[in-house]
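S.K.: Below, each chain spelled out in residue letters.
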Amino acid sequence: MATIDEETNIAGEAGPAVPRVTLRDPVRESEERANQARLKRLTEAFTIFDQEANNTIPSTELGTVVRSLGLVPTEGELQDVLSEMSDDSNPESIHLDRFLSVMNVLLKDRRYQGEPESKILRAFQVLDPDNNGFISEEELRNYLCKEGEPFNDEEFQDFMTIALDDESGGVCTYKEFIQNLVVEDND
Amino acid sequence: MSDRADKSKTITKLSTTSSEKSASKIQAAFRTHQARLKLKNQAAWQIHEKLEYSSEQTEAKLKDLFDKLLKASDILSPSVTKLLQKAGLPVEEQELLRLTNPDSIQVESSYQGPRVDGQITRQTFIDLIEAFRQGQILHEKYVYLILHQARAILKTLPNFNHVDLSNLKHVYIIGDLHGQLADLLHIFNTNGLPAADNAYVFNGDFVDRGQNSVEVILLLLVALILCPSSLFLNRGNHEDIMVTVRYGFQNEVHQKYGKRKGHLLDLFKDIFSWLPLYSYVDTGKAKLMVVHGGISDRINLKKINSATRNRYISIEVPPESKNGGKRLTDEEDQEYRQIQDLFWSDPDPHGRSGCRKNDARKMACFFGPDITEQFLKRYNLAMLVRSHQVKQEGYEFTHDGKVLTVFSASNYCGGSNWGAIIRWDYNDEEPCVISFKTLPVEMNKLSFNKKVTLFEDPAYHALVEKIMSHKNLLRKEFEKADENKTDHLPLTTWADIMTQVLQLDLPWLTLRGKIVYEDSQGIAYKTMFEDYILDNSKFQMSNTGIMEDLYKWKDMLLILFNLIDYNHSGFISRNEFADVIKLLLHGEHGNGEVNQAYVDELCSAMDFDKNGKIDMNEFLESFRIVHVKKPTAKAKLSNGNNTLKIPDSSSRRPSQVLTCPDEGKVWICLEDDQVRMQVVEDKVSICQGKD
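Same order as they appear, the protein sequences are chains A and B.
Start counting the first sequence at 1; every next residue gets the next number (the UniProt record's numbering).
Start counting the second sequence at 1; every next residue gets the next number (the UniProt record's numbering).
It is worth saying that the hints were derived from the structure and are not from the lab.
It is possible that part of the hints are untrue.
[Unchecked claim] Partial chain A-side listing against chain B, Cβ under 10 Å, derived: (1) LEU69; (2) PHE124; (3) GLU149; (4) ASP153; (5) PHE159.
[To be verified] Here are some chain B residues the structure puts well away from chain A; computed CB gaps all over 12 Å: (6) GLU20; (7) ILE26; (8) ARG122; (9) LEU376; (10) THR398; (11) TRP508.
[Said to hold, decoys possible] Below are the DMTMM-like pairs computed for lysine to aspartate or glutamate, each with C-alpha atoms no more than 20 Å apart in a straight line: (12) LYS21(B) - GLU115(A); (13) LYS40(B) - GLU155(A); (14) LYS50(B) - GLU44(A); (15) LYS21(B) - ASP128(A); (16) LYS514(B) - GLU139(A); (17) LYS526(B) - GLU479(B); (18) LYS303(B) - ASP330(B); (19) LYS322(B) - GLU332(B); (20) LYS613(B) - GLU601(B); (21) LYS402(B) - GLU52(A); (22) LYS38(B) - ASP153(A); (23) LYS21(B) - GLU139(A).
Beta carbons: idealized from backbone N, C-alpha and C, even for Gly.
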C-alpha cells in the first residue's frame, strides 16, 4: 500500500511540491510486529521469575523460564543455552538483555519444539512392550530415575502425582495423561 | 508368578538406546509441563497481588472523599454528614461500656458453646482454643467480658511495647494472621502457648480476609489478659474500622453475632485505637523495632511516643483537631502522616533510594535502603522487623539484611505461600526463621495441578470483573487503535491498552489465552467481552452506562452504606442513598455540580420494592457477572485430536457464601477478596507443616 507525502523533492530543494511515494512493506511490518510481540512475551516470562526486580534471574532458574515459554529442551540442550547467555564476570545470574537476544533467535527459529503426542505415546509404549496400557510405579522409577536424564526424587514424586491422578490403583495408565504433557501450540 | 517373571525378562530385553531415548522424551516433556504450571501459578499470584493493591486504593479515595466532605458538607443533609463523620469519632466511653456490659446479658439455656465464668485462667485459654478448633462460636456475653478486660489493660499501655530479652529470654515475632485460625493454632502447637517465660509479639493484621478473625483476635486478647508482661500486640492497618468494613471482619461479626453486632463493632473499634503502635525489642546484643508497615523519612519517634494514639480511630480518616476545628494544624497533620507511614509503608520494590509516595497503595511511602540506614542509625537500632506484605517463603530480608518482613498467614487467600515466624533469643546476633504451611485436609490430596487451578480461578474471576467494569473505556480505546477497522489489534498494542486503561501492569501476553481470542490477524478484541455480561435485569433502566458506573463504585458504595447504616438494619433510606451518590459524584467531578436527574434515576432503579428504602442485600445481589457461554478451552485443538479440553469444573468449589453456581453461570459476590479467594473448606484441620 502506498502513501503519498507532499514534501520537498528528492533533490532536497524546496521546489514545487512533488508528491513523494513511500512504499509500506506489509510483510516487513508484520515481521516487525511479530518481533515486538515476541520480545514482550519473553520479557514478561523473565520478569515473572525476576524476584528482585533487577532485570536478572539466577542461572538455576533459567530452565524453568525457558520451559515456561513452551520450549522442550533436554538438560544438555539447556546447558548450551545457558552458556550462550551467561556472563563470565557474573556466572550466577543471567541478565535480561542476554536472555532476550538469545531467546529471540531460538523462538524465531522454532528450536527445541516438543514432540507431538504420538511420539510421546510411543515413548511410553517402548516402556510397555506387552502393551498392557499401563506401567507400574516401580517400572517407571527404573526408567525415569535411572535412564535418559534421570529425575531426582522430588521430580519423580511430582510426576507420580499426575501419573496416578486417575485413581488407577498404583499404576500409570499413560494414555490418559499424555495430553497434559504435550505442549499446546499457542505461543 | 510366571507373569511377573516374564515381564522382568522383557524389561532386560529392551535395547538401551530406545529406552534411553524414550525416557529422555518423557522427562523433557514433564519438565516443561512443570515449568508451565509454575508460570501459571506465578501469573495468578501477580494478578492477585496487583488487584489487591488496586482495591486498596479505595482507601485513599475514601480519604479524599472525607477531605471533600469537610469542604462540601453543605451539599449533604446534616444527618448523613453526621453519620459519616461519626465513623471517625471515638465512641463515648461511659456509653460504650454501658451498652456492652456483659453482666446485663443472659446466656440462653440452649447455648452449648464455651463459657468464661469468673476469672480468666490458663485453662480458659486452652478450653477456648479447643472450642474454636471445633468451630464453636463464643457467646457475646463472654466476648464482652474478654474485650472489657483487654481494653482496660490496653489503655494503660504506652504507645510502644518494651520487650526486654534479658528478662524474657526469647521472643517469637508473628506477622499477619488475617483470621487464619489454623496458622495461629499451629504456631501455638509447635512453639508453646504464650506464658510468662514464652513471650510473643504479634505484629498486626489479626483480622480480615480469613474465616476466623473473631476467634483469632479473641485468643490474642485472652493471651494479653493472662500474660500482659510477655504478650505484646502491635496495631496493623487492618485494625481499623474503615478497613474491616470491606475486608471481611465486619461481615464475620454480622454472621456470627447477628443483631447485637452494632455495639460489638463499636467496642472493637475502640479497642483497635488502643493497640500500641510498635514494639521496641532489646535482644541484648541489638535493638529492634517491630512495626506493622514500615517507616519513612519523616518519622520522629519522640513525637510518636507522646502522641495520643487513641485519637486515631481510623488511620484512613483524619481525627478532629484538638482545637475543636475540623481542619488539622500543621503539627497535627505531620503526626497524622507519620502514623499512616507506620502502618502502610513498604520498602521500595525497586530498591530505589529516598522516600517516595507509595503508588501501589496510594498513601504512605516506599522507603529506600538509605532511609532505613538513616533511621536505624538515628535510633541506634540494628534491624527493622515489619509485616504488611505477603512473601512466598513467609519472610524476606531486604535493605542489606536491615529490614525483615515476616508474614504468618500461609496459603494466604488460597495461594501457595509459606507462613513464617521469627524467634530471637537473648544475646543472639541473628533471629531464627521458621516457615510452615497449614492446609485443609482435602487440599493435601490435590495434585499440584489442581491446586494451581483452585488458586488461578478466583484470580481470573477478579480480573474479569475488573475488565468488565471498564468495558466501555476499553472498547473505546481498542476501536481508536484499530484504524483499519479489522476488529483485530497487534499483540503489543492490545497489551499496552490493557495496561493503560486498567492501570494494571500485568504480563498481558502471557495471560491473553485466558481472556481473549486471537487468530493469525491478531487479537480479536471484541471477544474479550463476549463471554461475560453484567446482569442488569434487576435494574429497570436502559442506560447501561449508569449500571457500569454503579458497578465501578461498588466498593465505595459498600463502605458508605455500612457507615450510614450505623444501626446495622440492612437498609438505608432513599434520601440517604441520594446523598451518598451526590457525595460520590462530587468526588468524581470536583466541583459542586451534580446532575439531579441522574441521581433520581439511580435512586429509582435501586429502590427495588419502591418503598423508599434501599435494601443492602438486594443491592449486593444485583451485581453479578454472568458467564453466558459454557467454558471452553481457548487454546487451539491439540494436534491430531478432535477433542476439546473442558476445564475440570469439579475443581471449582462454591464457598459458603457464594450460592451454588447454575449451569454455565459463575457468581461473583461483591464481598471481594474474602469470598472469592476462600475456595477452601471452612473446617480446618491442623496439619504438620515443614519447620
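S.K.: Does each hint fit the structure? Answer for all of them.
M.R.: Do the hints match the structure? See the list:
With a cut of 10 Å, the hint placing LEU69(A) at the interface with chain B holds, because the nearest CB-to-CB distance is about 8 Å. Taking 10 Å as the C-beta cut-off, the interface hint given for PHE124(A) holds, the closest approach to chain B being about 7 Å. The closest approach between the C-beta of GLU149(A) and any C-beta of chain B is roughly 5 Å, which is under the 10 Å cut-off, so the hint is satisfied. Violation of the interface hint for ASP153(A) is found here, the shortest Cβ-Cβ separation to chain B being roughly 14 Å, above the 10 Å cut-off.
With a least beta-carbon distance of about 6 Å to chain B, the hint placing PHE159(A) at the interface is held under the 10 Å criterion. Remark: the non-interface label on GLU20(B) conflicts with the geometry, its nearest Cβ contact in chain A lying 5 Å away (cut-off 12 Å). Not every Cβ of chain A is farther than 12 Å from the Cβ of ILE26(B); the closest lies at roughly 5 Å, contradicting the non-interface assignment. Every C-beta of chain A lies more than 12 Å from that of ARG122(B), the closest at about 42 Å, which supports listing it as non-interface.
The Cβ of LEU376(B) lies farther than 12 Å from every Cβ of chain A, with a closest approach of about 21 Å, so its non-interface assignment holds. Separation of THR398(B) from chain A is inadequate, the least Cβ-Cβ distance of about 9 Å not exceeding the 12 Å criterion. The claim that TRP508(B) is not at the interface with chain A is violated, since a C-beta of that chain comes within 12 Å of its own (minimum 8 Å). Proximity of LYS21(B) to GLU115(A) is assessed by CA-CA distance (about 12 Å); at most 20 Å being required, the pair is judged to hold.
With a C-alpha separation of about 18 Å, the suggested pairing of LYS40(B) with GLU155(A) holds against the 20 Å cut-off. Straight-line distance between C-alpha atoms of LYS50(B) and GLU44(A) comes to about 15 Å, which keeps the hinted pair within the 20 Å bound. Taken as a hint, the LYS21(B) and ASP128(A) pair is honoured in the structure, with Cα atoms around 14 Å apart against an allowance of 20 Å. Straight-line distance between C-alpha atoms of LYS514(B) and GLU139(A) comes to about 37 Å, which puts the hinted pair past the 20 Å bound.
Distance check on the hinted pair: LYS526(B) and GLU479(B) sit about 9 Å apart at the alpha-carbon level, within 20 Å; holds. Simply put, LYS303(B) and ASP330(B) have alpha-carbon atoms about 14 Å apart, close enough for the 20 Å limit, and the pair holds. Taking the CA atoms of LYS322(B) and GLU332(B), the gap is near 8 Å; set against the 20 Å cutoff, the hint holds. For a cut-off of 20 Å, the pair hint linking LYS613(B) to GLU601(B) stands: about 15 Å separates their Cα positions.
With a C-alpha separation of about 16 Å, the suggested pair LYS402(B) and GLU52(A) falls inside the 20 Å cut-off, and the hint holds. Taking the CA atoms of LYS38(B) and ASP153(A), the gap is about 18 Å. The hint holds against a cut of 20 Å. The straight-line distance between the Cα atoms of LYS21(B) and GLU139(A) is roughly 16 Å, inside the 20 Å bound, and the hint therefore holds.
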